[in-house]
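**Student:** Sequence:
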Amino acid sequence: MNSKKLEFQLADVQTLPDVQAYVDSRDIAIDKVGVTNVPWAFHFAPTSDSTAAAQPTIGSADMFVELPADKKGTHMSRFAQLIAENQSVLSYRGFVDFFGSVLERLGATQVYGTVRFPFFFKCAAPVTGQPGQLQLKVQIDVSAGETNEVAVTIAGPATSLCPCSKEISARGAHNQRCELTASVTFQPDCEVGVDELFAMMERAASCSVYPTLKRSDEKSVTEAAYDNPKFVEDIVRDMAVILRNDSRIGSFRCASENFESIHQHNAFAEINSKSLQV
51 MNSKKLEFQL
61 ADVQTLPDVQ
71 AYVDSRDIAI
81 DKVGVTNVPW
91 AFHFAPTSDS
101 TAAAQPTIGS
111 ADMFVELPAD
121 KKGTHMSRFA
131 QLIAENQSVL
141 SYRGFVDFFG
151 SVLERLGATQ
161 VYGTVRFPFF
171 FKCAAPVTGQ
181 PGQLQLKVQI
191 DVSAGETNEV
201 AVTIAGPATS
211 LCPCSKEISA
221 RGAHNQRCEL
231 TASVTFQPDC
241 EVGVDELFAM
251 MERAASCSVY
261 PTLKRSDEKS
271 VTEAAYDNPK
281 FVEDIVRDMA
291 VILRNDSRIG
301 SFRCASENFE
311 SIHQHNAFAE
321 INSKSLQV
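So our numbering is basically just the index in the sequence shown, starting at one, shifted up by 50.
I should point out that these hints are in silico values taken from the structure, not numbers from a laboratory. Be a bit skeptical, because a hint or two may be false.
Per label pair, the in silico range of CB-to-CB distance [as the list claims (entries may be wrong)]:
{"id": "1", "residue 1": "Asp81", "residue 2": "Thr178", "range": "24 to 32 Å"}
{"id": "2", "residue 1": "Gln314", "residue 2": "Lys216", "range": "20 to 28 Å"}
{"id": "3", "residue 1": "Thr178", "residue 2": "Gln70", "range": "55 to 63 Å"}
{"id": "4", "residue 1": "Arg227", "residue 2": "Pro67", "range": "50 to 58 Å"}
{"id": "5", "residue 1": "Pro168", "residue 2": "Thr262", "range": "12 to 20 Å"}
{"id": "6", "residue 1": "Glu154", "residue 2": "Ser266", "range": "54 to 62 Å"}
{"id": "7", "residue 1": "Glu283", "residue 2": "Gln105", "range": "28 to 36 Å"}
{"id": "8", "residue 1": "Ser297", "residue 2": "Asp77", "range": "20 to 28 Å"}
{"id": "9", "residue 1": "Glu135", "residue 2": "Gly179", "range": "41 to 49 Å"}
Here the structure is a predicted model, which means the values were calculated and not measured. Cβ atoms here follow ideal geometry from the backbone N, Cα and C, with glycine treated the same way.
Between the sequences and the hints, there should be enough to build the whole structure, so can you do that?
**Tutor:** Structure below.
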(Lines of atoms letter the chains of each structure in order from A and count residues from 1; the text may use other names and numbers.)
(Lines give C-alpha, C1' and ligand atoms only; values in the text may rest on other atoms or scores of the structure.)
Protein backbone atom coordinates (compact mmCIF):
# COMPACT_ATOMS: atom_id res chain seq x y z
CA MET A 1 0.00 0.00 0.00
CA ASN A 2 1.50 3.39 -1.01
CA SER A 3 1.77 6.23 1.50
CA LYS A 4 -0.75 8.48 -0.28
CA LYS A 5 -3.44 5.79 -0.18
CA LEU A 6 -2.73 5.13 3.51
CA GLU A 7 -2.93 8.85 4.31
CA PHE A 8 -6.26 9.03 2.49
CA GLN A 9 -7.67 6.07 4.45
CA LEU A 10 -6.54 7.50 7.80
CA ALA A 11 -8.06 10.85 6.97
CA ASP A 12 -11.27 9.13 5.90
CA VAL A 13 -11.49 7.25 9.21
CA GLN A 14 -10.95 10.45 11.17
CA THR A 15 -13.91 12.08 9.41
CA LEU A 16 -16.30 9.16 9.96
CA PRO A 17 -18.96 9.91 12.57
CA ASP A 18 -18.70 8.07 15.90
CA VAL A 19 -22.40 7.27 16.33
CA GLN A 20 -21.88 5.39 19.62
CA ALA A 21 -20.64 8.63 21.18
CA TYR A 22 -23.81 10.53 20.34
CA VAL A 23 -26.03 11.75 23.17
CA ASP A 24 -29.19 9.71 23.73
CA SER A 25 -32.29 11.73 24.61
CA ARG A 26 -34.37 8.95 26.21
CA ASP A 27 -32.54 9.28 29.55
CA ILE A 28 -32.52 5.52 30.25
CA ALA A 29 -29.36 3.90 31.55
CA ILE A 30 -28.53 0.34 30.43
CA ASP A 31 -27.54 -2.17 33.11
CA LYS A 32 -25.48 -4.40 30.81
CA VAL A 33 -24.42 -4.02 27.20
CA GLY A 34 -21.64 -5.90 25.46
CA VAL A 35 -20.77 -9.11 23.65
CA THR A 36 -21.47 -12.78 24.27
CA ASN A 37 -19.84 -16.08 23.33
CA VAL A 38 -16.55 -14.61 22.15
CA PRO A 39 -14.04 -17.42 21.37
CA TRP A 40 -10.88 -17.05 23.43
CA ALA A 41 -7.61 -19.01 23.50
CA PHE A 42 -5.49 -18.37 26.59
CA HIS A 43 -3.37 -19.95 29.33
CA PHE A 44 -5.05 -20.50 32.69
CA ALA A 45 -3.28 -20.99 36.02
CA PRO A 46 -5.41 -22.83 38.62
CA THR A 47 -4.09 -20.57 41.41
CA SER A 48 -3.15 -16.88 41.37
CA ASP A 49 0.11 -17.45 43.28
CA SER A 50 1.92 -19.40 40.56
CA THR A 51 1.77 -19.78 36.80
CA ALA A 52 3.85 -22.98 36.84
CA ALA A 53 0.79 -25.22 36.38
CA ALA A 54 -0.83 -23.05 33.69
CA GLN A 55 -2.65 -24.92 30.92
CA PRO A 56 -3.49 -23.78 27.40
CA THR A 57 -7.24 -23.82 26.86
CA ILE A 58 -9.95 -22.56 24.54
CA GLY A 59 -13.08 -21.01 25.97
CA SER A 60 -15.71 -18.37 25.39
CA ALA A 61 -16.39 -15.08 27.10
CA ASP A 62 -19.29 -12.73 27.76
CA MET A 63 -18.39 -9.11 28.57
CA PHE A 64 -20.68 -6.26 29.51
CA VAL A 65 -20.44 -2.71 30.83
CA GLU A 66 -22.96 -0.36 32.32
CA LEU A 67 -23.97 2.41 29.93
CA PRO A 68 -24.98 5.87 31.21
CA ALA A 69 -28.36 7.28 30.25
CA ASP A 70 -26.84 10.00 28.05
CA LYS A 71 -24.69 7.65 25.93
CA LYS A 72 -26.13 6.16 22.74
CA GLY A 73 -23.88 3.10 22.64
CA THR A 74 -20.70 1.38 23.76
CA HIS A 75 -17.73 0.49 21.56
CA MET A 76 -18.31 -3.21 20.85
CA SER A 77 -15.07 -3.72 18.90
CA ARG A 78 -12.96 -2.84 21.92
CA PHE A 79 -14.05 -6.00 23.75
CA ALA A 80 -12.63 -8.20 21.00
CA GLN A 81 -9.54 -6.00 20.71
CA LEU A 82 -8.68 -6.50 24.37
CA ILE A 83 -9.04 -10.27 24.09
CA ALA A 84 -6.77 -10.30 21.03
CA GLU A 85 -4.18 -8.15 22.80
CA ASN A 86 -4.01 -10.21 25.98
CA GLN A 87 -0.74 -12.13 26.37
CA SER A 88 -0.90 -12.76 30.11
CA VAL A 89 -1.40 -16.08 31.87
CA LEU A 90 -4.83 -15.74 33.48
CA SER A 91 -5.92 -16.83 36.95
CA TYR A 92 -8.70 -15.72 39.30
CA ARG A 93 -6.76 -12.53 40.03
CA GLY A 94 -5.66 -12.27 36.40
CA PHE A 95 -9.27 -12.16 35.22
CA VAL A 96 -10.01 -9.30 37.63
CA ASP A 97 -7.03 -7.40 36.20
CA PHE A 98 -8.11 -8.17 32.64
CA PHE A 99 -11.66 -6.97 33.14
CA GLY A 100 -10.26 -3.91 34.91
CA SER A 101 -8.49 -3.09 31.64
CA VAL A 102 -11.83 -3.46 29.83
CA LEU A 103 -13.28 -0.96 32.27
CA GLU A 104 -10.49 1.53 31.57
CA ARG A 105 -10.54 1.11 27.78
CA LEU A 106 -14.30 1.64 27.55
CA GLY A 107 -14.44 4.40 30.15
CA ALA A 108 -17.10 2.54 32.14
CA THR A 109 -17.76 2.43 35.89
CA GLN A 110 -18.53 -1.30 36.16
CA VAL A 111 -17.75 -4.30 33.95
CA TYR A 112 -19.17 -7.82 34.14
CA GLY A 113 -17.44 -10.82 32.62
CA THR A 114 -18.07 -14.55 32.34
CA VAL A 115 -15.49 -16.97 30.96
CA ARG A 116 -16.23 -20.66 30.31
CA PHE A 117 -13.53 -23.19 29.48
CA PRO A 118 -12.38 -26.79 30.01
CA PHE A 119 -9.63 -27.56 32.53
CA PHE A 120 -7.85 -30.89 32.87
CA PHE A 121 -7.50 -32.29 36.37
CA LYS A 122 -4.62 -34.74 36.75
CA CYS A 123 -5.56 -37.89 38.63
CA ALA A 124 -3.72 -41.17 39.05
CA ALA A 125 -5.45 -44.56 39.24
CA PRO A 126 -5.90 -45.63 42.90
CA VAL A 127 -3.81 -48.83 42.83
CA THR A 128 -1.49 -48.82 39.82
CA GLY A 129 -0.99 -45.06 39.72
CA GLN A 130 -1.70 -44.96 35.98
CA PRO A 131 -1.81 -41.28 34.98
CA GLY A 132 -4.96 -39.70 33.59
CA GLN A 133 -6.56 -36.34 32.90
CA LEU A 134 -10.14 -35.66 33.91
CA GLN A 135 -11.89 -32.87 32.02
CA LEU A 136 -13.66 -30.33 34.22
CA LYS A 137 -15.97 -27.52 33.16
CA VAL A 138 -14.93 -24.18 34.67
CA GLN A 139 -16.79 -20.88 34.70
CA ILE A 140 -15.42 -17.70 36.21
CA ASP A 141 -17.72 -14.72 36.77
CA VAL A 142 -16.08 -11.36 37.46
CA SER A 143 -17.46 -7.97 38.39
CA ALA A 144 -14.83 -5.21 38.34
CA GLY A 145 -15.00 -1.50 38.99
CA GLU A 146 -16.45 0.16 42.05
CA THR A 147 -16.66 -3.35 43.52
CA ASN A 148 -14.51 -6.37 42.57
CA GLU A 149 -16.09 -9.81 42.92
CA VAL A 150 -15.12 -13.26 41.65
CA ALA A 151 -17.28 -16.40 41.60
CA VAL A 152 -15.90 -19.74 40.44
CA THR A 153 -18.05 -22.63 39.19
CA ILE A 154 -16.61 -26.10 38.64
CA ALA A 155 -18.44 -29.15 37.30
CA GLY A 156 -16.94 -32.62 37.03
CA PRO A 157 -17.79 -36.33 37.21
CA ALA A 158 -17.92 -38.73 40.14
CA THR A 159 -19.65 -42.02 41.04
CA SER A 160 -22.78 -42.57 43.12
CA LEU A 161 -24.06 -45.92 44.42
CA CYS A 162 -27.63 -46.25 45.69
CA PRO A 163 -27.94 -47.10 49.43
CA CYS A 164 -31.47 -48.47 48.96
CA SER A 165 -30.40 -50.75 46.12
CA LYS A 166 -27.55 -52.10 48.23
CA GLU A 167 -29.78 -52.62 51.27
CA ILE A 168 -32.53 -54.57 49.51
CA SER A 169 -30.41 -56.61 47.08
CA ALA A 170 -28.67 -59.91 47.73
CA ARG A 171 -26.11 -59.13 45.05
CA GLY A 172 -24.81 -55.78 43.85
CA ALA A 173 -26.34 -52.31 43.78
CA HIS A 174 -27.14 -49.92 40.98
CA ASN A 175 -24.55 -47.22 40.51
CA GLN A 176 -23.86 -44.51 37.97
CA ARG A 177 -21.80 -41.52 37.07
CA CYS A 178 -22.94 -38.19 38.48
CA GLU A 179 -21.94 -34.60 37.78
CA LEU A 180 -20.89 -32.54 40.78
CA THR A 181 -21.18 -28.75 40.57
CA ALA A 182 -20.00 -26.12 43.02
CA SER A 183 -20.17 -22.33 42.66
CA VAL A 184 -18.16 -20.48 45.29
CA THR A 185 -16.99 -17.03 46.30
CA PHE A 186 -13.96 -16.51 48.49
CA GLN A 187 -13.25 -14.64 51.68
CA PRO A 188 -11.07 -11.49 51.28
CA ASP A 189 -7.48 -12.29 50.26
CA CYS A 190 -8.32 -16.01 50.00
CA GLU A 191 -8.86 -18.46 47.18
CA VAL A 192 -9.03 -22.20 46.53
CA GLY A 193 -7.39 -23.47 43.35
CA VAL A 194 -9.40 -25.34 40.74
CA ASP A 195 -7.58 -28.62 41.43
CA GLU A 196 -8.05 -28.39 45.18
CA LEU A 197 -11.68 -27.33 44.95
CA PHE A 198 -12.64 -30.27 42.75
CA ALA A 199 -10.74 -32.67 45.02
CA MET A 200 -12.88 -31.35 47.90
CA MET A 201 -16.04 -31.90 45.88
CA GLU A 202 -15.08 -35.48 44.97
CA ARG A 203 -14.92 -36.46 48.63
CA ALA A 204 -18.70 -36.07 48.84
CA ALA A 205 -19.41 -38.80 46.25
CA SER A 206 -19.39 -42.58 46.61
CA CYS A 207 -16.16 -42.77 44.63
CA SER A 208 -14.06 -40.78 42.19
CA VAL A 209 -14.04 -41.26 38.42
CA TYR A 210 -10.70 -42.09 36.77
CA PRO A 211 -9.73 -41.81 33.08
CA THR A 212 -7.41 -44.84 33.20
CA LEU A 213 -8.08 -48.04 35.18
CA LYS A 214 -6.32 -51.41 35.11
CA ARG A 215 -8.00 -54.50 36.59
CA SER A 216 -6.73 -53.92 40.13
CA ASP A 217 -7.89 -50.30 39.92
CA GLU A 218 -11.34 -51.33 38.67
CA LYS A 219 -11.70 -53.74 41.59
CA SER A 220 -10.69 -50.98 43.98
CA VAL A 221 -13.17 -48.37 42.73
CA THR A 222 -16.01 -50.90 42.49
CA GLU A 223 -15.53 -51.93 46.11
CA ALA A 224 -14.94 -48.35 47.27
CA ALA A 225 -18.29 -47.24 45.84
CA TYR A 226 -20.06 -50.29 47.30
CA ASP A 227 -18.64 -49.48 50.75
CA ASN A 228 -19.71 -45.83 50.47
CA PRO A 229 -23.31 -45.75 49.15
CA LYS A 230 -24.93 -42.32 48.80
CA PHE A 231 -28.22 -40.89 47.61
CA VAL A 232 -28.03 -37.67 45.62
CA GLU A 233 -29.23 -36.00 48.83
CA ASP A 234 -26.27 -37.45 50.74
CA ILE A 235 -23.80 -36.23 48.15
CA VAL A 236 -25.04 -32.66 48.13
CA ARG A 237 -25.28 -32.49 51.94
CA ASP A 238 -21.75 -33.83 52.35
CA MET A 239 -20.49 -31.36 49.76
CA ALA A 240 -22.18 -28.52 51.65
CA VAL A 241 -20.50 -29.61 54.90
CA ILE A 242 -17.08 -29.71 53.21
CA LEU A 243 -17.50 -26.25 51.67
CA ARG A 244 -19.01 -24.70 54.78
CA ASN A 245 -16.12 -25.93 56.93
CA ASP A 246 -13.44 -24.33 54.75
CA SER A 247 -12.63 -20.88 56.14
CA ARG A 248 -11.46 -19.61 52.73
CA ILE A 249 -14.89 -20.01 51.15
CA GLY A 250 -17.56 -17.35 51.48
CA SER A 251 -20.89 -18.19 49.86
CA PHE A 252 -21.52 -21.32 47.83
CA ARG A 253 -24.04 -23.32 45.86
CA CYS A 254 -23.49 -27.03 45.36
CA ALA A 255 -25.40 -29.61 43.35
CA SER A 256 -25.28 -33.17 42.08
CA GLU A 257 -27.05 -34.65 39.10
CA ASN A 258 -27.07 -38.46 39.06
CA PHE A 259 -27.51 -40.11 35.66
CA GLU A 260 -29.61 -42.99 36.97
CA SER A 261 -28.65 -46.34 35.44
CA ILE A 262 -32.04 -48.00 36.13
CA HIS A 263 -34.26 -45.05 35.16
CA GLN A 264 -34.80 -42.91 32.11
CA HIS A 265 -34.69 -39.80 34.28
CA ASN A 266 -31.90 -38.24 36.34
CA ALA A 267 -31.86 -37.42 40.06
CA PHE A 268 -30.88 -33.92 41.21
CA ALA A 269 -30.25 -32.07 44.48
CA GLU A 270 -28.93 -28.59 45.29
CA ILE A 271 -28.02 -26.58 48.38
CA ASN A 272 -27.41 -22.83 48.54
CA SER A 273 -25.39 -21.56 51.51
CA LYS A 274 -27.87 -18.70 51.90
CA SER A 275 -30.50 -21.23 52.98
CA LEU A 276 -28.32 -22.76 55.71
CA GLN A 277 -28.83 -21.76 59.31
CA VAL A 278 -25.92 -19.87 60.85
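**Student:** Does the beta carbon distance between Ser297 and Asp77 stay inside 20 to 28 Å, or does it fall outside?
**Tutor:** Once the Cβ atoms are compared, 47 Å apart, the range 20 to 28 Å for Asp77 and Ser297 is violated.
**Student:** Is it true that the C-beta distance of Glu154 to Ser266 lies inside 54 to 62 Å, as the hint says?
**Tutor:** Since the Cβ atoms of Glu154 and Ser266 sit about 56 Å apart, the hinted range of 54 to 62 Å holds.
**Student:** Could you see if the CB distance from Glu135 to Gly179 stays within 41 to 49 Å?
**Tutor:** Once the Cβ atoms are compared, 42 Å apart, the range 41 to 49 Å for Gly179 and Glu135 holds.
**Student:** State, for the Cβ atoms of Glu283 and Gln105, whether the hinted interval 28 to 36 Å holds or is violated.
**Tutor:** With Cβ atoms ~34 Å apart, the hint holds.
**Student:** Can the suggested window of 24 to 32 Å be confirmed for the beta-carbon pair Asp81 and Thr178?
**Tutor:** 54 Å, violated
**Student:** Can you tell me whether the CB distance of Pro168 to Thr262 sits inside 12 to 20 Å?
**Tutor:** For Pro168 and Thr262 the Cβ distance comes to about 18 Å; the hint holds.
**Student:** Check the following: the C-beta atoms of Arg227 and Pro67 are separated by a distance inside 50 to 58 Å.
**Tutor:** Roughly 57 Å apart at Cβ, these two residues keep to the hinted range, so it holds.
**Student:** Starting from the range 55 to 63 Å, see whether the pair Thr178 and Gln70 falls in it by beta-carbon distance.
**Tutor:** 60 Å, holds
**Student:** Check the following: the C-beta atoms of Gln314 and Lys216 are separated by a distance inside 20 to 28 Å.
**Tutor:** 22 Å, holds
Violation of the numbered hints given earlier is confined to hints 1, 8; the remaining hints are satisfied by the structure.
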